[in-house]
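Student: We have chain A; now place chain B onto it with these hints.
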Amino acid sequence: MKKLVSGLGVSAGEARGIVRLVKDATDASRFREGDVLATRMTDPGMVVMMGKASAIVCDIGGMTSHPSVVARELGIPCVVNCRKATTVLTEGMSVLVDGKKGIVYLVE
Amino acid sequence: MADDFKWLDEFVESYLNALGDMDFTTLRPFSWLQFHPLYAKEWSERLGTLVEEVAKKDVGKKELAEFGFSSGVWRDQLLFLLFDLKSARVEKKKRLTLARFFNEALHAVLKGDYYGLHGSNVGHSEQEVKRMLHEIPWEPGKPEHSRLVGKLYTAAIHLVNGLYGDIYTGYGTDNFGSYDASGKYGKGHILVIRHFGDLKPVDLWASAQELPCKSMDIYTVYKDVQFTCDAISCHSIFKGDVLEGLVDFAVNVDGKFVDSFAEMEALKDKLMHHSVRQWQELTSLNFEQTKRKGLLQRCFVFKKVFEKAGMDWRPTKGMREAVRNKPFADENYWGVPTDKTGRKREFWKKAMDPRIDFYPKG
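Chains as they are written, first to last, in our numbering: chain A, 1 to 108; chain B, 1 to 362.
These are computed hints drawn from the structure, not numbers from a lab. These figures come from a predicted structure and were not determined experimentally. Fair warning: there could be bad hints in the mix.
Claimed, not checked - Taking lysine to any residue pairs in the SDA-like style, the calculated list, with each CA pair at most 20 Å apart, reads: (1) A:Lys101 - B:Asp241; (2) A:Lys23 - B:Leu27; (3) A:Lys23 - B:Thr25; (4) B:Lys270 - B:Leu243; (5) B:Lys41 - B:Trp313; (6) A:Lys84 - B:Asp23; (7) B:Lys142 - B:Ala108; (8) B:Lys57 - B:Ser125; (9) B:Lys62 - B:Arg100; (10) B:Lys142 - A:Lys23; (11) A:Lys100 - B:Lys130; (12) B:Lys239 - A:Gly102; (13) A:Lys100 - B:Lys239; (14) B:Lys361 - B:Phe24; (15) B:Lys256 - B:Glu128; (16) A:Lys84 - B:Met22; (17) A:Lys23 - B:Glu53; (18) B:Lys317 - B:Lys270; (19) B:Lys214 - B:Ala266; (20) B:Lys239 - A:Ala15; (21) B:Lys61 - B:Thr228; (22) A:Lys23 - B:His273; (23) B:Lys344 - B:Asn332; (24) B:Lys270 - A:Ser29; (25) B:Lys130 - B:Lys56; (26) B:Lys344 - A:Met63; (27) A:Lys100 - B:Leu243; (28) A:Lys52 - A:Ala25; (29) A:Lys2 - A:Thr86.
Stated by the list, open to error - So, partial list: chain A residues that the calculated Cβ filter (under 7 Å) puts toward chain B: (30) Ala25; (31) Val47; (32) Val69.
For every residue, glycine included, the Cβ atom is placed at its ideal position computed from N, Cα and C.
Isolated chain A (complex conformation):
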């Protein structure tokens, strides 16, 4: 599979899903169960989407950043500090997120 972005894997596991580029809570209406939440950095306004997400991918962040802590609590994979996740990943893309290796792959 083609590697799209890589970063710090902060919550182990693998998940496939459709990318939703999220800016804030107003994106909740188009976020479906199992989607992959891709954003610069999560915030509390995204809590409903985080609860539905199969994985979380962020441009910035570290091991104890907000998305990292939440993803581990939810038991879903998370990759942070990808730097360009929100530019390389596009809306509707089908991806595989590997939270252990810290890599997001394109699913053809």
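Tutor: Just chain B now, kept in the frame of chain A:
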């Protein structure tokens, strides 16, 4: 004298680990580095008076513990105070007096790993842990229950972010553990407690009247899962499979254990709804409102201590005037080094340690 404050070595080391490579620009609505310098002098004086009044009233360690604060308050607020004392250029002797008070409070509320340096938050004695393990009405842990627990926690902690802002989270939540549960469950089992002490601060937000509960504790027993946290206990790190590894769990809301999954789901949904609403309420404040709310939040954290000392807990006129129409301190105020050559770590050490006469540039 030097030995009396040896503990500061561990405290500083623990926060060096916790702050690490944190990106403070992501803290909302502000980081302490931006906001606290505006009223550091007034706050330092206020806390100095508080400590004197508490001493006069002979408030002992037991009473400090009974305020019901967990470590998150005393640790985080000590960190912030240490920066304030430097901002206000308070003399070393007074800095150390205040630091000692907070250290005594930490020793009153915790049973070990007082500064979180060793990856735990020990708020309970072995006897208390044993009693909990045997007396709590546990529900069986299944993967779907683990997801529910995760969502319940996520909803509650996001509500805490909205009620208290990112930097006063320690008042609203604390993770405790991990505790050894092998005595009851066998080798490889741990107990972790997620504690929410005040999810309904009506003194801070009128809208808090609508919130579904005041307190919540989530008890979880895991097998083959490792839990650690740093000085900031909500910085939890789980290793292992938290979904498959959940053995037992229990949810206590306002002093009662909830035995209905439907009730837990409903609570989760309400907390999620309110966490989004509350976050929007916090982040929609204008700049002056944000600063006034920040003063109120910080003072509220110490409300019980102020009241015990016979003082008004609300922000003083001096504090309100100090922040009014003032911009946040910018990155030049502290001049935190941005490189990773070790200068940053050295900077934090000097800024945090009250034994060192190091002051901001601003």
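Student: Next step is simple, just say for each hint if it's right about the structure.
Tutor: How the hints compare with the structure:
1. A:Lys101 - B:Asp241: holds (16 Å)
2. A:Lys23 - B:Leu27: holds (16 Å)
3. A:Lys23 - B:Thr25: holds (17 Å)
4. B:Lys270 - B:Leu243: violated (23 Å)
5. B:Lys41 - B:Trp313: holds (17 Å)
6. A:Lys84 - B:Asp23: The given pair, whose Cα atoms are some 17 Å apart, holds under the 20 Å limit.
7. B:Lys142 - B:Ala108: violated (37 Å)
8. B:Lys57 - B:Ser125: Violated. B:Lys57 to B:Ser125 sits at ~28 Å, over the 20 Å cutoff.
9. B:Lys62 - B:Arg100: Measuring from Cα to Cα gives roughly 16 Å; hence the hint holds.
10. B:Lys142 - A:Lys23: violated (33 Å)
11. A:Lys100 - B:Lys130: Cα-Cα ~35 Å, so violated.
12. B:Lys239 - A:Gly102: holds (15 Å)
13. A:Lys100 - B:Lys239: It holds: about 11 Å lies between the C-alpha atoms, which stays within 20 Å.
14. B:Lys361 - B:Phe24: Holds, at roughly 19 Å.
15. B:Lys256 - B:Glu128: holds (18 Å)
16. A:Lys84 - B:Met22: Since the Cα atoms of A:Lys84 and B:Met22 sit roughly 19 Å apart, the hinted pair holds (cutoff 20 Å).
17. A:Lys23 - B:Glu53: violated (48 Å)
18. B:Lys317 - B:Lys270: Violated: B:Lys317 and B:Lys270 sit about 37 Å apart, past 20 Å.
19. B:Lys214 - B:Ala266: holds (16 Å)
20. B:Lys239 - A:Ala15: holds (18 Å)
21. B:Lys61 - B:Thr228: Since the Cα atoms of B:Lys61 and B:Thr228 sit roughly 27 Å apart, the hinted pair is violated (cutoff 20 Å).
22. A:Lys23 - B:His273: holds (18 Å)
23. B:Lys344 - B:Asn332: holds (14 Å)
24. B:Lys270 - A:Ser29: The given pair, whose Cα atoms are some 18 Å apart, holds under the 20 Å limit.
25. B:Lys130 - B:Lys56: Violated: B:Lys130 and B:Lys56 sit about 38 Å apart, past 20 Å.
26. B:Lys344 - A:Met63: holds (18 Å)
27. A:Lys100 - B:Leu243: holds (16 Å)
28. A:Lys52 - A:Ala25: At roughly 13 Å apart (the allowed maximum being 20 Å), A:Ala25 and A:Lys52 satisfy the hint.
29. A:Lys2 - A:Thr86: Distance ~17 Å between A:Lys2 and A:Thr86 Cα, so the pair holds.
30. Ala25: holds (6 Å)
31. Val47: holds (4 Å)
32. Val69: holds (6 Å)
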